[in-house]
Each structure stands twice: as structure tokens, then as C-alpha cells.
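Chain by chain, the residues run as shown.
Protein chains: 2
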Amino acid sequence: MISEFYKEMTGKSSVIRQFFAYSMEREKELGPDSVYNFSIGNPSVPAPASFTEAMNDLLNNVDPVKLHGYSPTLGLDSTREAIASSLNRRFEMNYEAKHIFPTTGAAGAIAHAVRCIAGEGDEIITFAPYFPEYIPYITGCGATLKVVPADISSFQINFEKFEEMLNEKVAAVLINSPNNPSGIVYTTETIKKLADILRAKEKEYSHEIFLISDEPYREIVFKGTDSPYVSKYYDNSISCYSFSKSLSIPGERLGYVAVNPKAKDSDYIVPMCGQISRFTGHNCPPSIIQLAVEKVIDDTSDLSIYETNATLLYDALTDIGYDCVKPGGTFYMFPKTPIDDADKFCWTGAKELGLITVPGNSFECPGHFRISYCVPTERIEKAIPLFEKLYKMFA
Amino acid sequence: MISEFYKEMTGKSSVIRQFFAYSMEREKELGPDSVYNFSIGNPSVPAPASFTEAMNDLLNNVDPVKLHGYSPTLGLDSTREAIASSLNRRFEMNYEAKHIFPTTGAAGAIAHAVRCIAGEGDEIITFAPYFPEYIPYITGCGATLKVVPADISSFQINFEKFEEMLNEKVAAVLINSPNNPSGIVYTTETIKKLADILRAKEKEYSHEIFLISDEPYREIVFKGTDSPYVSKYYDNSISCYSFSKSLSIPGERLGYVAVNPKAKDSDYIVPMCGQISRFTGHNCPPSIIQLAVEKVIDDTSDLSIYETNATLLYDALTDIGYDCVKPGGTFYMFPKTPIDDADKFCWTGAKELGLITVPGNSFECPGHFRISYCVPTERIEKAIPLFEKLYKMFA
Numbered sequence: 001m002i003s004e005f006y007k008e009m010t011g012k013s014s015v016i017r018q019f020f021a022y023s024m025e026r027e028k029e030l031g032p033d034s035v036y037n038f039s040i041g042n043p044s045v046p047a048p049a050s051f052t053e054a055m056n057d058l059l060n061n062v063d064p065v066k067l068h069g070y071s072p073t074l075g076l077d078s079t080r081e082a083i084a085s086s087l088n089r090r091f092e093m094n095y096e097a098k099h100i101f102p103t104t105g106a107a108g109a110i111a112h113a114v115r116c117i118a119g120e121g122d123e124i125i126t127f128a129p130y131f132p133e134y135i136p137y138i139t140g141c142g143a144t145l146k147v148v149p150a151d152i153s154s155f156q157i158n159f160e161k162f163e164e165m166l167n168e169k170v171a172a173v174l175i176n177s178p179n180n181p182s183g184i185v186y187t188t189e190t191i192k193k194l195a196d197i198l199r200a201k202e203k204e205y206s207h208e209i210f211l212i213s214d215e216p217y218r219e220i221v222f223k224g225t226d227s228p229y230v231s232k233y234y235d236n237s238i239s240c241y242s243f244s245k246s247l248s249i250p251g252e253r254l255g256y257v258a259v260n261p262k263a264k265d266s267d268y269i270v271p272m273c274g275q276i277s278r279f280t281g282h283n284c285p286p287s288i289i290q291l292a293v294e295k296v297i298d299d300t301s302d303l304s305i306y307e308t309n310a311t312l313l314y315d316a317l318t319d320i321g322y323d324c325v326k327p328g329g330t331f332y333m334f335p336k337t338p339i340d341d342a343d344k345f346c347w348t349g350a351k352e353l354g355l356i357t358v359p360g361n362s363f364e365c366p367g368h369f370r371i372s373y374c375v376p377t378e379r380i381e382k383a384i385p386l387f388e389k390l391y392k393m394f395a
Numbered sequence: 396m397i398s399e400f401y402k403e404m405t406g407k408s409s410v411i412r413q414f415f416a417y418s419m420e421r422e423k424e425l426g427p428d429s430v431y432n433f434s435i436g437n438p439s440v441p442a443p444a445s446f447t448e449a450m451n452d453l454l455n456n457v458d459p460v461k462l463h464g465y466s467p468t469l470g471l472d473s474t475r476e477a478i479a480s481s482l483n484r485r486f487e488m489n490y491e492a493k494h495i496f497p498t499t500g501a502a503g504a505i506a507h508a509v510r511c512i513a514g515e516g517d518e519i520i521t522f523a524p525y526f527p528e529y530i531p532y533i534t535g536c537g538a539t540l541k542v543v544p545a546d547i548s549s550f551q552i553n554f555e556k557f558e559e560m561l562n563e564k565v566a567a568v569l570i571n572s573p574n575n576p577s578g579i580v581y582t583t584e585t586i587k588k589l590a591d592i593l594r595a596k597e598k599e600y601s602h603e604i605f606l607i608s609d610e611p612y613r614e615i616v617f618k619g620t621d622s623p624y625v626s627k628y629y630d631n632s633i634s635c636y637s638f639s640k641s642l643s644i645p646g647e648r649l650g651y652v653a654v655n656p657k658a659k660d661s662d663y664i665v666p667m668c669g670q671i672s673r674f675t676g677h678n679c680p681p682s683i684i685q686l687a688v689e690k691v692i693d694d695t696s697d698l699s700i701y702e703t704n705a706t707l708l709y710d711a712l713t714d715i716g717y718d719c720v721k722p723g724g725t726f727y728m729f730p731k732t733p734i735d736d737a738d739k740f741c742w743t744g745a746k747e748l749g750l751i752t753v754p755g756n757s758f759e760c761p762g763h764f765r766i767s768y769c770v771p772t773e774r775i776e777k778a779i780p781l782f783e784k785l786y787k788m789f790a
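Residue numbers (our numbering), protein chains in the order written: chain C, 1 to 395; chain W, 396 to 790.
Calculated directly from the structure, the hints in this document are not laboratory data. In this text the structure is predicted, and so the values were computed from the model without any measurement. Beta carbons: idealized from backbone N, C-alpha and C, even for Gly. There's no promise every hint is true.
[What the hints assert, rightly or not] Below are the DSS-like pairs computed for lysine-lysine, each with C-alpha atoms no more than 30 Å apart in a straight line:
1) Lys407/W / Lys264/C
2) Lys461/W / Lys28/C
3) Lys423/W / Lys98/C
4) Lys461/W / Lys12/C
5) Lys461/W / Lys351/C
6) Lys262/C / Lys407/W
7) Lys66/C / Lys423/W
8) Lys7/C / Lys564/W
9) Lys493/W / Lys12/C
10) Lys461/W / Lys66/C
11) Lys192/C / Lys12/C
12) Lys12/C / Lys618/W
13) Lys402/W / Lys98/C
14) Lys657/W / Lys7/C
15) Lys7/C / Lys541/W
16) Lys588/W / Lys541/W
17) Lys66/C / Lys618/W
18) Lys493/W / Lys232/C
19) Lys382/C / Lys461/W
[Said to hold, decoys possible] Using C-beta positions, here's what the derived DEER-type ranges look like:
20) Glu96/C / Asn456/W: 36 to 44 Å
21) Glu96/C / Arg774/W: 32 to 40 Å
22) Glu424/W / Lys262/C: 31 to 39 Å
23) Asp63/C / Ser408/W: 25 to 33 Å
24) Lys627/W / Met393/C: 55 to 63 Å
25) Glu96/C / Glu773/W: 34 to 42 Å
26) Lys564/W / Met165/C: 39 to 47 Å
27) Thr772/W / Lys262/C: 27 to 35 Å
28) Asn456/W / Lys262/C: 27 to 35 Å
29) Asp302/C / Thr620/W: 16 to 24 Å
30) Ser13/C / Glu773/W: 53 to 61 Å
31) Asn88/C / Glu424/W: 55 to 63 Å
32) Lys7/C / Thr620/W: 43 to 51 Å
Make the full structure from the sequences, and use the hints.
In C-alpha cells, the structure reads:
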């Protein structure tokens with residue numbers, strides 16, 4: 001009577017995990033310094049001191065019965081208010097607490113958002129390259145994920161293909177900017193064009209098409225990069241955020257859904273999220289983390305290392321001969337592989353040189369590989385000659 | 396395109412919540428001392444000092460990048476090992492870390508467990524009175540919840556009705572002991588009889604029937620009460636636990652699934668939980684809470700007040716004339732209402748006397764009402780004359 005569906009899934013591990021597991025194995029064999037693990041997106045800078053202080057302060061000065069008590073299903077009012085005001089202040093929006101639903105990271109946010117606005121028979125469109133965990137979030141709500149092929153010249157949106165794929169069944173479009181794995185940020189022009197197309201299609205189909213904006217890297221944008229706040233350009237928007245990257249607390253699982261106040265049924269969506277969480281037994285992120293983040297809502301870790309690493313690595317790789325679109329944010333870079341077979345390229349790097357990266361196939365964008373450069377700068381410096389060796393093995 | 400299913404649900408609030416909301420409203424009007432809120436199960440004693448110390452220690456002595464980093468999908472190994480050894484030590488079991496899956500409380504544990512072993516077309520049987528949130532957990536996996544009527548003389552299992560309801564479609568039986576709302580603990584005799592019946596039916600139907608044991612109140616058992624560890628008596632068992640009540644940290648959302656090592660496919664069930672969590676975007680409870688609980692795994696809050704309150708209230712209520720099965724644990728009591736209409740009885744108490752309790756209808760057991768006595772003892776003392784007044788209004 002055990003579920004065959006889930007049982008079968010346990011046998012399949014993702015390519016990202018395979019590379020990660022391999023790197024762990026090699027580290028055990030060769031020592032950590034001989035392996036250059038660029039396969040995962042775990043922030044490498046500490047949480048800001050203000051976060052630790054806020055946690056200490058709560059633990060030592062608040063009545064524990066209150067501090068550790070149940071959070072309401074829709075999250076703590078004070079936390080929701082702090083998030084709304086911060087967004088309003090920074091992006092000239094008009095959120096109220098009722099538009100904010102705290103979640104366990106962006107993963108929880110997306111899983112809730114799609115269940116609010118799509119179901120059996122619906123389609124949700126996303127754009128390659130994309131984060132493969134979108135698939136379970138979306139199949140979990142009964143809808144089907146459709147993927148627009150990448151515009152590999154810029155990693156902005158391939159509008160021609162996108163328009164071909166739009167149809168009456170499309171309930172939502174899911175974007176991720178700044179993007180994992182490309183590191184690219186959608187420009188204001190891209191977002192405006194996307195919004196125009198969606199508004200026209202909403203009229204044509206006589207139903208809403210929601211724009212779900214997955215933005216855990218919103219705070220990691222490099223100097224001079226145009227980085228619009230998506231929801232500002234399209235009313236039927238739901239933003240999905242996580243504090244994992246901005247505060248370097250991915251393990252503490254805090255993010256949120258922010259519903260554009262002008263969206264259709266905007267007053268219902270957050271209460272609907274509360275209902276959805278009853279089915280998954282999820283019920284709210286931890287109280288103490290909500291309260292601590294509320295106190296440091298506008299802070300971030302020192303994120304400058306990611307830009308330092310990006311510049312260093314991008315310059316070196318392009319000097320070597322790699323073809324790469326320059327990242328505008330995140331801690332990822334997504335160069336072309338010098339041969340078509342990205343899998344072969346990445347396994348060779350891993351096995352011969354201890355250089356662990358992830359093939360683009362995992363993100364439905366073959367012929368590329370992802371480098372996660374959320375590591376100490378000194379590791380990048382040491383890895384550059386290895387990237388050169390690897391290039392020369394194939395070029 | 397908004398989901399009508401979830402939208403409609405937002406209009407319906409549970410009776411428990413209605414009473415709770417009413418109590419909040421009255422407290423605002425009359426001041427907190429005029430309202431006796433016995434409607435919710437929020438622990439009233441602080442977390443043990445050792446938990447706060449463990450949290451402080453982690454925050455101040457562990458590298459924040461490591462401390463707040465991603466937990467593996469299946470939870471932190473060290474936490475899983477600590478849970479397994481604690482259970483083995485206390486209950487003579489043979490769990491290994493691979494049988495333990497940390498979850499966001501017992502809610503998350505049950506929602507994962509049912510998805511592992513049941514789906515479309517299956518039935519899961521539970522026993523009245525029962526916690527109404529079982530319904531979304533179970534409909535969420537596609538199965539149907541069937542409820543065996545209560546044995547109101549003892550709140551042990553009504554085996555006659557249970558055996559009538561067993562059939563080939565039953566994939567699991569879900570029990571909750573110590574029980575919310577009755578406060579009753581299933582005896583060793585009850586568990587043995589249940590296990591015997593299930594084993595016989597497994598043979599007859601040639602498939603497993605899992606026993607899912609929801610046990611967040613396991614640590615709150617009063618002196619002299621027989622309280623068997625369920626999984627010891629039936630191999631195909633999955634225990635669902637929460638630290639919410641034992642450590643008084645319900646807001647921090649930590650619990651676990653513990654799969655009996657002798658269960659069919661026991662090595663698969665935890666990895667399956669990991670896969671299930673991908674669909675709900677849940678991905679692991681917070682790292683710092685896993686790490687802190689690991690350090691205080693055998694501790695509890697000072698839970699003695701619940702027994703003090705139970706004795707005081709039970710003696711007073713039975714003196715007044717209420718008919719009540721004596722609770723053996725938890726912080727709930729479930730007396731008969733002196734009139735059949737429990738709803739009328741509870742609303743009268745709430746409106747005329749500020750005495751907030753919950754009608755048994757909410758737990759599919761009419762003619763009773765639930766008193767949550769997780770409050771300071773002095774509030775119980777003051778409420779006794781009101782319980783007497785209320786009784787006399789109807790008796």
C-alpha cells in the first residue's frame with residue numbers, strides 16, 4: 001500500500017545532487033582543498049550581526065511562552081506589517097499586512113502561489129534556463145509546466161517563442177530574476193514588454209494570467225544593473241521572496257508571498273494560502289525567525305563578495321576563451337561549454353581536476369554549465385588555472 | 396483563474412477558531428481577567444532553560460554560515476541520530492537515523508506519513524473524538540477519512556464499530572493517544588487488541604495496514620496511567636511526534652516522523668517523505684531549532700502544572716455534577732454537557748459568563764465539550780464557580 005509514485009522518485013537523484021555528492025566523496029578522499037565545489041548555492045557570507053543580536057535579544061528578554069508560542073496561520077501580524085512597509089518604502093508599493101503571507105522560503109512561497117491560481121488542466125509557463133524544482137511545485141497543484149527555450153544571446157526573454165506558446169490554458173507565467181542559473185537580471189524593458197503581452201492576452205482570453213515572480217536574489221544585484229521591481233509593472237503579480245540569500249539564513253526557512261494589492265481577488269489570496277497550508281500540514285515558519293527578521297527587515301549580509309567574485313571570474317573566463325553572458329546579479333554564472341556535451345564537460349572537470357560545476361541540461365539549457373561562486377575569493381583565484389586547463393582539453 | 400476550491404474554504408472558519416476569535420474580542424472589551432479562555436492548546440509553561448541556553452550557545456559559538464546553512468532535505472544527520480537514540484533508550488526500540496524525518500510539527504509529520512502510504516481511493520480510519528485538522532491532511536493525499544464513533548464510556552476504542560468499518564480499502568489507521576480532546580490515554584490492552592485485529596486483517600486482505608500514531612502529548616501523562624509506546628506493539632507503525640508540547644515551543648515548528656524499522660519498506664519511507672516535501676515546497680524545519688532540540692533531546696518543560704490543573708478541575712467538575720471520564724494525560728478534559736446541544740451550552744458559557752470552551756461537535760463527538768486547561772492554576776480556581784453557574788443554568 002506504499003505509494004509507488006513517491007517510492008519510484010526516491011531512486012532518481014537530480015544531476016545537481018549527483019555532482020554535489022561526488023564532491024563530498026572526493027573531499028573525503030583528497031581533503032577539502034583539492035576539490036573546488038562550485039555546485040551549490042549556499043551563501044558563503046555570515047548573517048549580519050544585527051540578526052544574531054535580534055535572536056539573542058528575543059531569547060533573553062521576551063517571555064518564552066510568548067516568544068515560542070503558536071504563530072497565527074497567516075503569520076505574525078507584526079512581521080507581515082514590517083515586510084509590507086519595507087516593500088512600500090523601497091519600491092513605492094502599497095502593500096498592507098493582509099497581502100503578505102510568511103512561508104518556509106521561496107520554495108514554500110511558490111508552492112502556495114501556484115495552488116492559489118492554477119489547477120488540473122492549467123498551464124504555467126516559465127523560461128529556460130530555470131530552477132528544476134519548479135516541476136514538483138507545479139505538478140503538485142495539478143497544472144503543467146511549459147518551458148520557453150532560452151535566448152542564449154542575452155538570457156532575457158525569448159518573446160517570439162513565448163508568444164507562440166501562450167494559449168487559453170495558461171493560468172500563470174513564472175519568472176526568476178535575478179536568475180538562477182544565468183545570473184542575468186531582466187531589464188525594465190523586458191518586464192514592460194512581458195506585462196504588455198500578458199495584459200493583451202488577458203483581454204483576449206477573458207481571464208487573468210498571473211505573473212509569479214520568484215525573487216530570492218533580489219538583493220544581490222551588481223553596480224549599474226537595471227533591476228526593476230516586477231510587481232510594479234503588472235497588477236496581477238505575486239512576488240515570492242526568501243531571506244535565505246539576503247540574510248544568509250537558508251536553513252532557517254523564511255520567505256513570503258506578497259500579493260500586489262491591485263491584483264484580482266488580492267484580498268483572498270493570502271487567506272487562501274492559509275487554507276492551502278492546512279493540506280500540507282505546513283502551518284507557518286518558525287516564530288522566533290519571523291520575529292528576528294522583522295527587527296532587521298532592511299538589513300542584508302555583506303553581499304559585496306559576490307560582485308568581487310563575479311568580476312574576477314568573468315574576466316578570467318572570457319580571457320581564457322569561454323563565451324559567457326555577463327551576470328548582473330546572484331552568485332551564479334552560466335558560460336557556454338566549449339563542446340556541446342555539457343555533461344561530459346562537467347564530469348571531466350570534476351574527475352580530472354576536482355572542479356565541480358553543474359551541466360546546463362539540469363536547467364533545460366544544454367551547452368552551458370553553471371558555476372556557483374558563493375565561495376571565498378581565494379578559491380576562485382586558485383581555480384582559474386583549472387578552468388583554463390579544462391578549456392584547453394576541449395577547445 | 397483563482398482556485399474556487401480554496402477561495403470557498405476561506406469563508407468557513409472552524410468552530411474552535413470562532414470561539415477563540417470571540418474570546419479575543421471579549422478580552423478587548425472587558426479586559427483579559429474577565430474572560431476565561433479554555434479554548435486553545437497553547438502550552439502555558441516556559442520552554443526549559445536548557446533550550447534557551449542551547450539556542451544562545453549556538454548563536455554565539457557556532458560559525459553563522461554553518462549554523463544557518465541549508466539542512467539536507469531529510470534533516471540534519473546529528474538531529475536524526477539524537478532522536479533515534481533517545482527513542483531507543485526510552486522505549487527499547489531499534490531506530491536508526493534513516494528512520495527519522497524531521498518535520499514542521501506533528502501536522503507536517505502526519506501530512507507526510509499519509510502521503511507515503513495512501514492515495515486516491517484508499518480509506519484511513521480514525522476514532523472519534525478526533526482533531527479536525529486530520530481532514531485536510533487526509534483529503535490532501537487523495538484518501539478518505541472514516542470515523543469510528545466514540546466509546547463515550549471510556550474513550551478507549553469502540554472495537555465493535557471499528558471491525559464493522561474495516562474493509563479492503565483501508566490503507567491506514569490513525570490514532571491519537573494521549574488524546575485531544577478527551578485527555579484519555581489508550582491502555583496497553585487497547586493497543587494490543589488493535590494490533591491483533593490489524594495483523595489479522597493484513598493477512599485477510601494481503602496488504603499492509605499502517606498504524607499512524609499521532610503522539611504530540613506523549614510526554615504529558617499523569618501518575619499511574621498506563622501509557623504504552625504504540626510502535627512497540629505493531630511493526631507497520633509510523634509515529635508522528637512534535638516537540639511543541641513537551642518543550643513548549645509550538646511556534647518553532649519541530650516534530651518528526653519515526654518509521655518502525657520492522658515496517659514494510661521501512662528504508663523507503665523517509666526518502667519518500669523527502670520527495671513529498673518537494674511538492675509542497677516545504678523542505679525541512681529550521682536548522683537552528685533542529686540543532687537546539689538535539690542538545691536537549693531528553694528534556695521537557697516543567698509539565699507538572701497540567702496534572703495539578705487536571706486533578707483540581709476534574710474533582711471540582713464531578714462535585715458540581717458534571718459527568719466526565721478522568722483524563723490520563725494532555726491538557727484537555729472532555730466532560731458531557733448537561734444538555735444535548737453542546738453548541739448552545741458552550742455559547743451560553745461564552746456569552747453569559749466569559750467561559751470559553753469548545754463544543755464536542757468539532758471533534759465529531761456531540762454532547763460533550765472540551766476544556767483546555769493549559770492556563771495558570773489560579774485561573775482554574777477562579778473559573779470553578781462559573782462552571783457551577785453554567786451547570787445550574789441547564790441541569
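Hint-by-hint comparison with the structure:
Among the hinted pairs, Lys407/W with Lys264/C is consistent with the structure: their alpha-carbon atoms are about 21 Å apart, no more than 30 Å. Of the supplied pair hints, the one linking Lys461/W and Lys28/C holds, its CA atoms being roughly 18 Å apart against a limit of 30 Å. Taking the CA atoms of Lys423/W and Lys98/C, the gap is about 21 Å. The hint holds against a cut of 30 Å. Taken as a hint, the Lys461/W and Lys12/C pair is honoured in the structure, with Cα atoms around 28 Å apart against an allowance of 30 Å.
As the CA atoms of Lys461/W and Lys351/C are separated by approximately 27 Å, the hinted pair is consistent with the 30 Å bound. At most 30 Å may separate the alpha-carbon atoms for a hinted pair to count; Lys262/C and Lys407/W meet this at roughly 25 Å. Note on Lys66/C and Lys423/W: the hinted pairing holds, with a Cα-Cα distance of about 18 Å set against a maximum of 30 Å. The straight-line distance between the Cα atoms of Lys7/C and Lys564/W is roughly 20 Å, inside the 30 Å bound, and the hint therefore holds.
Between the alpha carbons of Lys493/W and Lys12/C the distance comes to roughly 18 Å, so the proposed pair stays at or under 30 Å and holds. Taking the CA atoms of Lys461/W and Lys66/C, the gap is about 28 Å. The hint holds against a cut of 30 Å. Between Lys192/C and Lys12/C the alpha-carbon distance is near 39 Å, which puts this suggested pair outside the 30 Å criterion. Note on Lys12/C and Lys618/W: the hinted pairing is violated, with a Cα-Cα distance of about 49 Å set against a maximum of 30 Å.
Taking the CA atoms of Lys402/W and Lys98/C, the gap is near 15 Å; set against the 30 Å cutoff, the hint holds. Distance check on the hinted pair: Lys657/W and Lys7/C sit about 18 Å apart at the alpha-carbon level, within 30 Å; holds. Annotation: proposed proximity of Lys7/C to Lys541/W holds, straight-line Cα distance about 26 Å (limit 30 Å). Between Lys588/W and Lys541/W, the direct Cα distance comes to roughly 20 Å. Compliance with the 30 Å bound is thereby established for this hinted pair.
Under the criterion of a C-alpha separation no larger than 30 Å, the hint pairing Lys66/C with Lys618/W is consistent with the structure, at around 28 Å. Between Lys493/W and Lys232/C, the direct Cα distance comes to roughly 46 Å. Violation of the 30 Å bound is thereby established for this hinted pair. A hinted pair counts as satisfied when its Cα atoms are at most 30 Å apart, and Lys382/C with Lys461/W qualifies at roughly 23 Å. Roughly 40 Å separates the CB atoms of Glu96/C and Asn456/W, a value that falls within the hinted 36 to 44 Å.
Distance hint for Glu96/C and Arg774/W: a CB-CB separation of about 35 Å, consistent with the stated range 32 to 40 Å. For the hinted restraint 31 to 39 Å between Glu424/W and Lys262/C, the CB-CB distance of approximately 35 Å keeps it satisfied. In this structure the supplied range 25 to 33 Å holds for Asp63/C paired with Ser408/W, their Cβ-Cβ distance being about 28 Å. Between Lys627/W and Met393/C the beta carbon distance is about 59 Å. The supplied range of 55 to 63 Å therefore holds.
With their beta carbons about 39 Å apart, Glu96/C and Glu773/W fall inside the hinted range of 34 to 42 Å. The supplied range of 39 to 47 Å is met by Lys564/W and Met165/C, whose beta-carbon atoms lie about 41 Å from each other. Range check, Thr772/W to Lys262/C: Cβ separation about 52 Å, and the 27 to 35 Å hint is violated. The given range of 27 to 35 Å is broken by Asn456/W and Lys262/C, whose C-beta atoms sit roughly 48 Å from each other.
Restraint check, Asp302/C to Thr620/W: a C-beta distance of roughly 55 Å breaks the suggested window 16 to 24 Å. Separation of Ser13/C from Glu773/W is about 56 Å and conforms to the stated range, judged on CB atoms against 53 to 61 Å. For Asn88/C paired with Glu424/W, a C-beta distance near 32 Å fails the hint of 55 to 63 Å. The hinted range of 43 to 51 Å is not satisfied by Lys7/C and Thr620/W, whose Cβ atoms lie roughly 38 Å apart.
In summary, the structure is inconsistent with hints 11, 12, 18, 27, 28, 29, 31, 32 from the numbered list given earlier, while agreeing with the others.
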